[in-house]
Amino acid sequence: GDSVTQMEGPVTLSEEAFLTINCTYTATGYPSLFWYVQYPGEGLQLLLKATKADDKGSNKGFEATYRKETTSFHLEKGSVQVSDSAVYFCALSDPNNFGNEKLTFGTGTRLTIIP
Amino acid sequence: EAGVTQFPSHSVIEKGQTVTLRCDPISGHDNLYWYRRVMGKEIKFLLHFVKESKQDESGMPNNRFLAERTGGTYSTLKVQPAELEDSGVYFCASSQITSGSPFFGPGTRLTVL
Numbered sequence: 001g002d003s004v005t006q007m008e009g010p011v012t013l014s015e016e017a018f019l020t021i022n023c024t025y026t027a028t029g030y031p032s033l034f035w036y037v038q039y040p041g042e043g044l045q046l047l048l049k050a051t052k053a054d055d056k057g058s059n060k061g062f063e064a065t066y067r068k069e070t071t072s073f074h075l076e077k078g079s080v081q082v083s084d085s086a087v088y089f090c091a092l093s094d095p096n097n098f099g100n101e102k103l104t105f106g107t108g109t110r111l112t113i114i115p
Numbered sequence: 001e002a003g004v005t006q007f008p009s010h011s012v013i014e015k016g017q018t019v020t021l022r023c024d025p026i027s028g029h030d031n032l033y034w035y036r037r038v039m040g041k042e043i044k045f046l047l048h049f050v051k052e053s054k055q056d057e058s059g060m061p062n063n064r065f066l067a068e069r070t071g072g073t074y075s076t077l078k079v080q081p082a083e084l085e086d087s088g089v090y091f092c093a094s095s096q097i098t099s100g101s102p103f104f105g106p107g108t109r110l111t112v113l
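Going line by line, the protein sequences match chains W and Z. Note that the first sequence covers residues 1 to 115 in my numbering. Note that the second sequence covers residues 1 to 113 in my numbering.
Think of the hints as simulated: they come from the structure by calculation, not from any bench. Just so you know, these numbers come straight off a predicted model, no measurement behind them. Even for Gly, the Cβ is constructed at its ideal location relative to N, Cα and C. Heads up, some of the hints might be wrong.
Cross-link-like lysine-lysine pairs, in silico, DSSO-like; alpha carbons within 30 Å at most [stated by the list, open to error]:
#, chain 1, residue 1, chain 2, residue 2
1, W, K60, Z, K44
2, W, K102, Z, K78
3, Z, K15, Z, K78
4, Z, K78, Z, K54
5, Z, K44, Z, K15
6, Z, K15, Z, K41
7, W, K77, Z, K54
8, Z, K15, Z, K54
9, Z, K44, W, K102
10, W, K60, Z, K41
11, W, K68, W, K52
12, W, K68, Z, K44
13, Z, K54, Z, K41
14, W, K60, W, K102
15, Z, K54, Z, K44
16, W, K52, W, K102
17, W, K52, Z, K44
18, Z, K54, W, K56
19, Z, K51, W, K102
20, Z, K15, W, K77
21, W, K56, Z, K51
22, W, K102, W, K56
23, W, K77, W, K102
24, W, K102, Z, K41
25, W, K68, W, K102
26, W, K52, W, K77
27, Z, K78, Z, K44
28, Z, K51, W, K77
29, Z, K51, W, K68
30, Z, K78, Z, K41
31, W, K56, W, K68
32, W, K77, W, K60
33, W, K56, W, K77
34, Z, K51, Z, K78
35, W, K52, Z, K41
Partner residues are not named here, just some residues of chain Z that face chain W (Cβ under 10 Å, in silico) [as the list claims (entries may be wrong)]:
#, residue
36, F7
37, G40
38, P61
39, G72
40, T73
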């Protein structure tokens with residue numbers, strides 16, 4: 001079945017550091033790929049997504065590129081801020097399952113940014 | 001516009017007791033999903049409603065879990081009787097049929113002692 005493997009956490013970085021959180025997937029066909037973020041005390045929020053190979057999703061300075069050849073969707077940000085501290089989840093869905101956006105998630109990566 | 005809401009935010013119960021979790025989706029969203037995250041592991045799909053109908057309940061762990069969505073509005077997830085391994089955070093999400101990415105609620109943290 002479908003699966004998502006993401007970088008083990010926790011990850012601790014200094015403010016303004018470069019961030020990469022790795023995510024690879026296993027799926028049949030061509031899934032849509034997502035990054036969700038959970039800030040402390042809040043629900044999951046969609047951070048960015050990509051629906052086909054070579055698409056780049058971006059939001060709030062974060063980027064991720066859908067790489068079919070390496071089955072990866074790594075999350076990057078050039079300069080992190082304290083407010084980026086959260087848990088980040090990589091996920092995929094089967095676009096052929098129209099109307100059912102059933103998501104398969106990774107284990108989540110806790111990111112802490114220190115001033 | 002109000003987001004997806006869940007009640008309660010936390011619940012602590014003893015093994016063998018019954019607990020009912022509630023989810024209120026965004027108004028007009030026909031899709032409603034339940035997910036669960038156990039002890040820092042991945043978030044796992046439980047089931048999917050379209051309006052009041054269960055479309056996919058392949059993720060429900062066993063028959064101690066019962067989900068309903070009367071009238072196609074809010075949904076409840078009942079665990080009866082609760083076991084220790086049911087502890088975790090239960091998330092609800094909703095979306096329109098054609099909109100794509102679901103909107104998630106804040107989750108209910110369930111602790112079974």
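Hint by hint, here is what the structure shows:
1. Restraint check for K60(W) and K44(Z): satisfied, since their Cα atoms lie roughly 27 Å apart, inside the 30 Å limit.
2. Between K102(W) and K78(Z) the CA atoms are separated by roughly 21 Å; this keeps the pair inside 30 Å, and the hint holds.
3. With a CA separation close to 14 Å, the supplied pair K15(Z) and K78(Z) stays within the 30 Å bound.
4. In summary, the hint linking K78(Z) to K54(Z) is supported, as the alpha carbons are separated by about 15 Å, within the 30 Å threshold.
5. Note on K44(Z) and K15(Z): the hinted pairing holds, with a Cα-Cα distance of about 22 Å set against a maximum of 30 Å.
6. Restraint check for K15(Z) and K41(Z): satisfied, since their Cα atoms lie roughly 21 Å apart, inside the 30 Å limit.
7. As the CA atoms of K77(W) and K54(Z) are separated by approximately 39 Å, the hinted pair breaks the 30 Å bound.
8. Only pairs whose Cα atoms come within 30 Å are accepted, and K15(Z) paired with K54(Z) is accepted, the gap being roughly 28 Å.
9. At roughly 10 Å between alpha-carbon atoms, K44(Z) and K102(W) fall within 30 Å of each other, so this suggested pair holds.
10. This hinted pair checks out: K60(W) and K41(Z) have alpha carbons roughly 26 Å apart, not beyond 30 Å.
11. Using a Cα cut-off of 30 Å, the hinted pair K68(W) and K52(W) holds, with the two alpha carbons roughly 8 Å apart.
12. With a C-alpha separation of about 24 Å, the suggested pairing of K68(W) with K44(Z) holds against the 30 Å cut-off.
13. For the proposed pair K54(Z) and K41(Z), the alpha carbon gap of about 25 Å is at most 30 Å, so the pair holds.
14. Restraint check: the Cα-Cα separation between K60(W) and K102(W) comes to about 25 Å, which is no more than 30 Å; the hinted pair holds.
15. Restraint check for K54(Z) and K44(Z): satisfied, since their Cα atoms lie roughly 17 Å apart, inside the 30 Å limit.
16. Taking the CA atoms of K52(W) and K102(W), the gap is near 17 Å; set against the 30 Å cutoff, the hint holds.
17. Annotation: proposed proximity of K52(W) to K44(Z) holds, straight-line Cα distance about 23 Å (limit 30 Å).
18. For a cut-off of 30 Å, the pair hint linking K54(Z) to K56(W) is broken: about 34 Å separates their Cα positions.
19. This hinted pair checks out: K51(Z) and K102(W) have alpha carbons roughly 16 Å apart, not beyond 30 Å.
20. Our distance criterion of 30 Å between C-alpha atoms is broken by K15(Z) and K77(W), whose separation comes to about 44 Å.
21. About 33 Å separates the Cα atoms of K56(W) and K51(Z), which puts this hinted pair outside 30 Å; it is violated.
22. Simply put, K102(W) and K56(W) have alpha-carbon atoms about 22 Å apart, close enough for the 30 Å limit, and the pair holds.
23. The suggested pairing of K77(W) with K102(W) holds, with an alpha-carbon distance near 27 Å, which does not exceed 30 Å.
24. Only pairs whose Cα atoms come within 30 Å are accepted, and K102(W) paired with K41(Z) is accepted, the gap being roughly 18 Å.
25. At most 30 Å may separate the alpha-carbon atoms for a hinted pair to count; K68(W) and K102(W) meet this at roughly 20 Å.
26. Using a Cα cut-off of 30 Å, the hinted pair K52(W) and K77(W) holds, with the two alpha carbons roughly 21 Å apart.
27. Taken as a hint, the K78(Z) and K44(Z) pair is honoured in the structure, with Cα atoms around 17 Å apart against an allowance of 30 Å.
28. The straight-line distance between the Cα atoms of K51(Z) and K77(W) is roughly 39 Å, outside the 30 Å bound, and the hint therefore fails.
29. For the given pair, K51(Z) sits about 35 Å from K68(W) by alpha-carbon distance, which is inconsistent with the 30 Å threshold.
30. As the CA atoms of K78(Z) and K41(Z) are separated by approximately 22 Å, the hinted pair is consistent with the 30 Å bound.
31. With a C-alpha separation of about 12 Å, the suggested pairing of K56(W) with K68(W) holds against the 30 Å cut-off.
32. Simply put, K77(W) and K60(W) have alpha-carbon atoms about 9 Å apart, close enough for the 30 Å limit, and the pair holds.
33. As the CA atoms of K56(W) and K77(W) are separated by approximately 13 Å, the hinted pair is consistent with the 30 Å bound.
34. With a C-alpha separation of about 18 Å, the suggested pair K51(Z) and K78(Z) falls inside the 30 Å cut-off, and the hint holds.
35. The suggested pairing of K52(W) with K41(Z) holds, with an alpha-carbon distance near 27 Å, which does not exceed 30 Å.
36. Evaluation of the F7(Z) hint against chain W yields a violated restraint, the C-beta minimum of about 13 Å exceeding 10 Å.
37. With its C-beta approaching chain W no nearer than about 7 Å, G40(Z) sits inside the 10 Å limit, and its interface hint holds.
38. Because the beta carbon of P61(Z) sits about 16 Å from the nearest beta carbon in chain W, more than 10 Å, this interface hint is broken.
39. Checking G72(Z) against chain W by beta carbon gives a least distance of about 15 Å; that is not within 10 Å, so the hint is violated.
40. The closest approach between the C-beta of T73(Z) and any C-beta of chain W is roughly 19 Å, which is over the 10 Å cut-off, so the hint fails.
In summary, the structure is inconsistent with hints 7, 18, 20, 21, 28, 29, 36, 38, 39 and 40 from the numbered list given earlier, while agreeing with the others.
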